[in-house]
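Chemist: What follows is each chain in one-letter form.
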Amino acid sequence: MTETSILLIQRGRHGEIPRWERFEIPYEPGQSVLDGIRQIRASTDPSLAIRFSCINANACKECMIRVDAKVVYACMCRLEPREMRLQPLASKKLVRDLVTEIAPPDEILG
Amino acid sequence: MARTHIDTDVLIIGAGGAGMAAALSAAEAGARVLLVDRSLIGRGGATVMAQMTVAVALGEEQPDSVAAHFADTMAAGRGLCDARLAAIVCQDGPAAIRRLDAWHVGWARHQDGRIRQAHAPGHDRPRCVYVDFLATGPAVSRTLRAQVQRQGNAIRRIGDLFVTDLVVNEGKAAGAVGFSLADGRPVSIAAPAVIIATGGLTRLYRRNSASANMGGDGYALALRAGAELLDMEFVQFFPIGHLAPRMIGMDPIMWDPFRYKLGGRLLNGQGREFLDEYGMPEDGRYVVTRDKATYVILKEVAAGRGSPSGGAWLSFRHVPEADLRAAFGPVIDRLAANGIDLTKNDIEVSPIAHYHMGGIRVTPELETRIDNLFAAGEAVGGSNGANRLSGNAITEALVFGHRAGQIAAERASGGAAWPEAAAQSRLDLVTAGTGQQTENPAALIVELQALMADRVGPFRTGPALQLALAGIDGLRTRLGDIPSGHPGSYDQSRLDWFDLRNMLLVAEAVTLAALSRTESRGAHQREDHPGLDEAWTLNQNLALDGNRLHLTRIAVPATAPELAA
Ligand SMILES: Cc1cc2nc3c(=O)[nH]c(=O)nc-3n(C[C@H](O)[C@H](O)[C@H](O)COP(=O)(O)OP(=O)(O)OC[C@H]3O[C@@H](n4cnc5c(N)ncnc54)[C@H](O)[C@@H]3O)c2cc1C
Ligand code: FES
Chain A
1 MTETSILLIQ
11 RGRHGEIPRW
21 ERFEIPYEPG
31 QSVLDGIRQI
41 RASTDPSLAI
51 RFSCINANAC
61 KECMIRVDAK
71 VVYACMCRLE
81 PREMRLQPLA
91 SKKLVRDLVT
101 EIAPPDEILG
Chain B
111 MARTHIDTDV
121 LIIGAGGAGM
131 AAALSAAEAG
141 ARVLLVDRSL
151 IGRGGATVMA
161 QMTVAVALGE
171 EQPDSVAAHF
181 ADTMAAGRGL
191 CDARLAAIVC
201 QDGPAAIRRL
211 DAWHVGWARH
221 QDGRIRQAHA
231 PGHDRPRCVY
241 VDFLATGPAV
251 SRTLRAQVQR
261 QGNAIRRIGD
271 LFVTDLVVNE
281 GKAAGAVGFS
291 LADGRPVSIA
301 APAVIIATGG
311 LTRLYRRNSA
321 SANMGGDGYA
331 LALRAGAELL
341 DMEFVQFFPI
351 GHLAPRMIGM
361 DPIMWDPFRY
371 KLGGRLLNGQ
381 GREFLDEYGM
391 PEDGRYVVTR
401 DKATYVILKE
411 VAAGRGSPSG
421 GAWLSFRHVP
431 EADLRAAFGP
441 VIDRLAANGI
451 DLTKNDIEVS
461 PIAHYHMGGI
471 RVTPELETRI
481 DNLFAAGEAV
491 GGSNGANRLS
501 GNAITEALVF
511 GHRAGQIAAE
521 RASGGAAWPE
531 AAAQSRLDLV
541 TAGTGQQTEN
551 PAALIVELQA
561 LMADRVGPFR
571 TGPALQLALA
581 GIDGLRTRLG
591 DIPSGHPGSY
601 DQSRLDWFDL
611 RNMLLVAEAV
621 TLAALSRTES
631 RGAHQREDHP
641 GLDEAWTLNQ
651 NLALDGNRLH
661 LTRIAVPATA
671 PELAA
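Line by line, the protein sequences give chains A and B. This note's numbering puts the first residue of the first sequence at 1, with every later residue one more than the last. This note's numbering puts the first residue of the second sequence at 111, with every later residue one more than the last.
Bear in mind the hints are in silico, worked out from the structure with no lab data behind them. Just so you know, not all the hints are guaranteed correct.
Okay, the calculated beta carbon distance ranges per label pair [as the list claims (entries may be wrong)]:
hint	chain 1	residue 1	chain 2	residue 2	range
1	B	E383	A	G30	25 to 31 Å
2	B	Q546	A	E83	28 to 34 Å
3	A	E83	B	R226	25 to 31 Å
4	B	A264	A	G12	37 to 43 Å
5	B	T662	A	S43	47 to 53 Å
Each residue gets a CB set at the ideal place from its N, CA and C atoms; glycine is no exception.
Throw the hints in and build the complete structure from the sequences for me.
Modeler: So, in structure tokens, the structure goes:
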């Protein structure tokens with residue numbers, strides 16, 4: 001039997017009331033939460049927003065989010081065959097969905 | 111939504127190694143610099159991901175010369191290098207590496223203080239500097255970024271700014287347009303000199319070492335601005351990309367430094383070493399170049415002798431644990447966290463798209479055929495010919511960036527007027543929107559990647575390349591001419607639309623050039639045209655003529671200046 005991962009994702013733009021959406025994806029051992037999100041974007045909902053660049057290397061340090069209330073890199077956090085709750089960082093200004101404003105103030109268009 | 115307009119002297123698109131080096135030299139020459147990136151400054155491209163080495167004739171490990179480095183570079187390029195560009199990389203390399211050293215990048219050193227230089231395939235002697243452990247790229251990026259930040263107002267930095275098109279006025283660069291990812295706001299930038307430092311295109315392929323920002327934007331920007339591309343068929347595949355088991359927190363090219371330091375054995379699905387069966391004995395050393403290794407691994411797979419996931423086995427089981435730990439310390443723990451013990455487990459590897467030799471055609475001043483439009487770094491074509499020597503890419507990014515920044519700063523004096531009329535149609539696209547979405551552009555990108563991997567991969571044939579062109583055409587129709595949705599805050603699916611717009615043009619450029627080159631040379635292997643054909647010692651040039659790509663064959667530029675022996 002194939003196992004599934006259930007991602008409950010907090011969505012919405014800055015200033016909107018956040019809403020939770022539920023996505024089910026097939027679970028594959030060894031994958032990251034970011035793999036799961038990319039799969040959702042390509043298969044069901046491309047509007048789901050998350051910041052990332054390097055995908056594997058944990059080099060860009062852009063993909064920080066909260067998983068089950070803990071701050072993690074989405075590319076370093078293992079996908080598990082259970083329900084996982086994904087939220088944007090609480091300490092940064094929300095842009096949209098899982099994307100927050102993490103750049104230093106003098107590197108933002110403003 | 112109101113547009114934001116910015117004036118600057120030198121606009122640099124892309125904040126990787128090349129872009130940051132260019133920003134520093136342009137600011138040093140007195141120009142006002144604007145450094146923009148679609149991602150965050152210093153984090154979005156290949157530079158921060160590089161783990162291994164930088165090739166440079168420092169002569170610290172053993173005596174070396176610029177001429178020897180140049181000879182190896184030219185030999186790797188198999189007759190197609192622009193010797194003038196290759197000479198600049200080799201000649202200016204040592205100064206670029208010493209600059210970083212003075213900024214405390216942390217090159218690995220011997221006890222007596224000499225910088226360590228490793229011996230990488232294709233080099234005639236140890237020549238490649240690095241930062242331990244697997245930290246070369248992050249260290250280079252961090253160091254450059256700290257220097258850029260120290261320049262204060264001289265270098266304005268803006269991240270999350272996607273450049274969609276360049277603006278050209280009467281044959282001369284005038285700036286660029288794009289949008290802010292945070293809110294979708296249109297942005298125009300007036301600049302009398304522009305440097306494209308957007309890196310490579312390997313995201314075009316299913317299996318790659320690319321970041322999300324490496325779909326080849328700069329090549330598309332250059333083409334649409336009227337500049338030319340050179341030798342686009344030469345995509346370098348890295349032979350031993352990580353294939354299985356799935357790991358997290360590790361770059362797929364991580365096995366390269368392992369092979370430098372520890373050798374390792376490459377085995378086929380039957381557990382047999384096979385490189386010598388193709389006349390490439392390794393004798394426990396890592397000497398076979400990337401194009402040849404890619405070839406033999408895929409041949410073994412095609413012959414039914416691949417590993418279970420369709421690659422080859424890489425084994426370090428014969429290496430004592432103490433040696434593994436001495437060479438890679440914390441990396442061994444990261445492997446353990448992924449359930450891998452190299453003293454017990456072999457891993458599976460296979461070729462992945464890694465670097466692009468082709469690129470924007472430039473003069474030795476790094477200028478395109480559009481006045482004051484420059485290119486630097488991996489975006490440039492010509493210095494590596496048909497195959498790149500390992501370690502030359504970061505050197506190239508640093509050297510070309512530094513040089514382009516200097517020259518652009520000189521050219522920028524006097525300013526330029528903003529040609530609103532010329533910019534208009536390009537700005538229109540930034541604000542346009544269909545309001546709805548019929549196709550999922552993220553899914554179309556996955557389709558394109560599969561198409562490129564299956565039809566325009568390391569092994570090519572005429573019929574497969576023709577199919578690829580038809581496939582690209584079909585995807586273009588499905589993408590449409592108008593971006594989906596409306597400009598808005600972090601609309602990633604709109605970003606996918608703009609990405610695919612560029613990726614399709616660049617994919618077509620690669621495929622057309624591959625179809626036209628009826629020989630096999632370096633990274634371009636035609637199964638229906640095996641073997642190198644001397645008559646094909648030519649570069650291929652591509653330019654946009656209306657909406658169509660126009661291909662011409664041109665002579666390889668004549669020889670380089672005298673180099674110090
Ligand atoms: C995983 C990996 C490991 C590597 N290891 C080595 C190594 O050990 N040694 C070596 O010599 N080479 C290595 N290479 C190659 C080398 O890292 C690159 O060729 C080099 O760093 C390229 O530098 P760059 O500045 O030209 O481009 P990049 O560092 O890729 O930077 C380009 C920047 O442009 C930005 N950009 C792109 N398009 C746009 C746009 N439309 N608008 C705004 N910004 C844009 C991107 O976000 C990115 O930040 C490696 C490459 C990879 C992928
Ligand atoms: S995607 Fe780069 S660190 Fe996670």
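Chemist: Could you see if the CB distance from T662 of chain B to S43 of chain A stays within 47 to 53 Å?
Modeler: violated (42 Å)
Chemist: Check the following: the C-beta atoms of Q546 of chain B and E83 of chain A are separated by a distance inside 28 to 34 Å.
Modeler: holds (32 Å)
Chemist: CB of E83 of chain A to CB of R226 of chain B, is that within 25 to 31 Å?
Modeler: The hint (25 to 31 Å, Cβ to Cβ) is violated, given that E83 of chain A and R226 of chain B are roughly 49 Å apart.
Chemist: Mind checking the hinted window 25 to 31 Å against the Cβ distance between E383 of chain B and G30 of chain A?
Modeler: For G30 of chain A against E383 of chain B, whose Cβ atoms are near 28 Å apart, the range 25 to 31 Å holds.
Chemist: May I ask you to test the hint 37 to 43 Å on the CB atoms belonging to A264 of chain B and G12 of chain A?
Modeler: holds (39 Å)
Hint violations for this structure: numbers 3 and 5, all remaining hints satisfied.
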